[in-house]
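Trainee: Protein chains in written order, with the numbering used here: chain F, -7 to 558; chain B, 203 to 503.
Derived by calculation from the structure, the hints in this document are not laboratory data. On a predicted model such as this, the values are computed, not experimentally measured, just so you know. It is possible that part of the hints are untrue.
[Said to hold, decoys possible] Simulated restraints, written as ranges between beta carbons of each label pair: (1) F:Asp489 to B:Asp332: 50 to 58 Å; (2) F:Asp5 to B:Gly267: 32 to 40 Å; (3) F:Glu52 to B:Met462: 18 to 26 Å; (4) B:Gly296 to F:Trp409: 36 to 44 Å.
Don't be surprised by glycine CBs; every beta carbon is placed ideally from N, CA and C.
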Amino acid sequence: MLTIEHLSVRFRDRFGATMAVEDVSLDVRPAEIHGLVGESGAGKSTIGAAIMGLLPAAGEITAGRMTLGKTDLRTLSPVAAHRMRGKRISMIFQDPQTSLNPLMTIEDQLIETILAHEHLSLDDARRRAVGLLEEIGIANAATRIKAYPHQFSGGMRQRVVIALALCTNPELIIADEPTTALDVAVQAQVLDLIQKLARTRQVGFILITHDIGVIAQVSDRVTVLRGGRVMEQGATRRILGQPEHPYTQALMAAVPPLDRKLENFHLPKVAGETADAADAAQAREAEDWLLSGIGGGGPALDVQNITVRFGGERKGFFAAREEFVALDAVSLGVRPGSVMGLVGESGSGKSTLAKVIAALVQPAEGEMRLDDVPLAPMRSRRRGDASRRLIQMIFQDPYSSLNSRHRVIDVLTEPLWLFGLEKDQRRRERLAEAMLALVGLPAQSLDRYPHQFSGGQRQRIAVARALLSRPGLLICDEPTSALDVSIQAQVLNLLKDLQTRFGLTTIFISHDLAVVRQMSNDIAVLKDGKLVETGPSEAFFAGPKAAYSRDLLAQTPAIRFDKSGT
Amino acid sequence: MLTRLVQSEGIWLFTRSPAAMLAAVVTIVIVTGALFAPWIAPTDPYDLSSFSLIDGLLPPAWEEGADPRFLLGTDDQGRDLLSSILYGARLSLGIAAVAMAVALVLGVSLGLAAGYLGGRFDAVVMRIADVQLALPAILTALLIDGISRGILPAALHDDLRLAVITLAIALSLWVNFARTARASVFVERNKDYVSAAIMMGQHPVRIMLRHILPNIVGPLLVIATVDLASAILLEATLSFLGVGLPADSPSLGTLIRIGMQYLLSGEWWILWIPTVFLVVLVVAINLLGDFLRDLFNPSLR
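So here's chain F without its partners, still in its complex pose (with noise of 0.2 Å):
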């Protein structure tokens, strides 16, 4: 049904011209899932622009033929091509909160389409819009087609998102990342729902996502993409149980298993990242720095009854502010040198109680004790406080968490300077190095700005930077969230590394349960402010005691496919 050949797309920028894609052949046939992969920069929502024609400007097909049936996509006039939009190809959008409009009911917007490309009566169109919502799932069509966006949740405005991609009834949808601003539990219904219109309206989907759990979960076929190259192509479960090209196995070696705990990532090495002689040495040197301080490694933590209440909204003028509870009475023991994963959904808490204990947000109840010492909540923590040093904190976006306008050398040498560490600028700006080399950067770096570096170098540089305040107590709050998932095997085998070099008492939260597995010694499970569970990790894996845990493993995608031939 569609075919693109030897596609091409070049950007212009003020540097010259990038190839974005390369050399790109796929075909979707009725009823297929066709999942496009990669990492950031592969290049595949580019292919799905191309095909829709909605390249941004610095964007032009240099060569390749895409046609849709008996239709060339290339050689339409602008007026054509956005007659087929909509029509005969729709499109599905990460963000299902900025895909809609938030001031149209769900009604308007459904309608608006379908008149926008069919000749209909008001009332057939509504007609149509009430089945297809009925279609997707959402029960009392009906009366819920008269609601604004803001009154569904996340999972059925992404459906109500599909709803506007079939209403034309098209022949093919592209979904871009569909689901990865969503919880694994609406994830997986989505994926399903995306799979059964496959299925029974025969539409072809070409699914673009950097989550290889999701293409494993759905789609038929898949493109492995780097680089805009097509590194292999072939049918799913042949692709990730077998795969033949170096890059899908490395990919492949890098996505964290939810069925077993790995001592560590078998990485691949890439030529010229090895560490030489003199980084080594300097790798020492931080390492004896470290050792030094924090000595037999980091210290407990209890946490009691800690309950968070934020100021909700008021409801009228004169009542009350509504209250909501963040963290309803959570007690969590943390073992000295213990990795303790914190998991849950969005909203669940888990970051609340990070900033509880990092002293960011002021619980309304509940004591912490580190290593049987009160620890001083954030409005009576002094900026002196022993624990400011020893509780250092990962944050999820490496981008926000370094200032932007200060050099490397800058940010590392802070917290020696705070913290009387070291008193030396000279043995400062050192030992910045030596930890630079530590966590596999080059000693070039320090003089750099953080926005010269990617996104897994920069949670490098975090890292360092919690180190060097000679922490025994870590939080990492989803650390590697932001990174593809090569990066992310890199940067969760440094962690692991350091963990156990330096016995630091670890809380590692992630939404990702593969990811937790990978890392925690212990394991909790936060819903709606409340802990649902917690234990020794491997036997909650092997057979978690709560309900809600028991949904939580089986709606989290797993790559099930038998991985004997690698």
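Chain F is already provided as a structure; the job is to place chain B on it using the hints.
Mentor: Same frame as chain F, but now just chain B:
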């Protein structure tokens, strides 16, 4: 960090914006001329012995009956208009720059603290800012002028006229800086690098000045440029109305006020040349401000 910015994107966009380049050239020419007025200007308009009534009301060099010594003509006292404008621009730019700097320091400090601390301090500062905004700048200036006239002895007041007008302009401009700084701080405060600094127990003043301030200079620089133009205009307005500087040390506004008397007399140059000069200067600075705003706001490109 400013050099980093200028070296990369800035220069590249600059070379692609003819308006910005023209504005930059005009601004540089005028500012240098004003700065080096004592060395460039043909005569010293403050020196009574350097001009005589015989040369009065001579038209500019390209008109009939002109005297080649006076490129832009003379006023009724026989003063060279070009020299008067250069000296006047020097005074105007000086006052505007100092007033803008005072407003910048005052506004950014208050805005930074209000945005970072929030709560009651924020409420008080912002209500004061609202009141300030409700008062027209001229009213503020008249108020300060009146008060200073009331408290200070007459002789001292005349000496301090320069300071009074500068303060008046600064007081009507600080609100812009405070509001912009506060809004930017609200955005930056929620970023993780600030959380990291708070977590480490850094002093709030250090967090504000060393961590947040460098990240908000972009929009502040834009406001500073645009406000420099407003300050020049404000000074001209005040001087035109006679609240500003006395006639013996004329700024651009004073020159225009003097020129007003000749509006319909045929000696057009006495009014129009300083006026056009002022307009060109203000437009050039505003164009530069627009360019900077586009530079710091990629979504507008």
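Trainee: Quick check on a hinted range of 32 to 40 Å for Asp5 of chain F and Gly267 of chain B, using CB atoms only.
Mentor: Violated, at about 59 Å.
Trainee: Given the hint of 50 to 58 Å, check if Asp489 of chain F and Asp332 of chain B actually sit that far apart at their C-beta atoms.
Mentor: Given a distance of about 56 Å, which is inside 50 to 58 Å, the answer is holds.
Trainee: Return holds or violated for the Cβ distance of Gly296 of chain B and Trp409 of chain F against the range 36 to 44 Å.
Mentor: About 40 Å separates the Cβ atoms of Gly296 of chain B and Trp409 of chain F, which means 36 to 44 Å holds.
Trainee: For Glu52 of chain F and Met462 of chain B, compare the CB-CB distance with the range 18 to 26 Å and indicate the outcome.
Mentor: At roughly 59 Å between Cβ atoms, Met462 of chain B and Glu52 of chain F fall outside 18 to 26 Å, so the hint is violated.
Comparing the model with each earlier hint shows violations of hints 2, 3; every other hint is respected.
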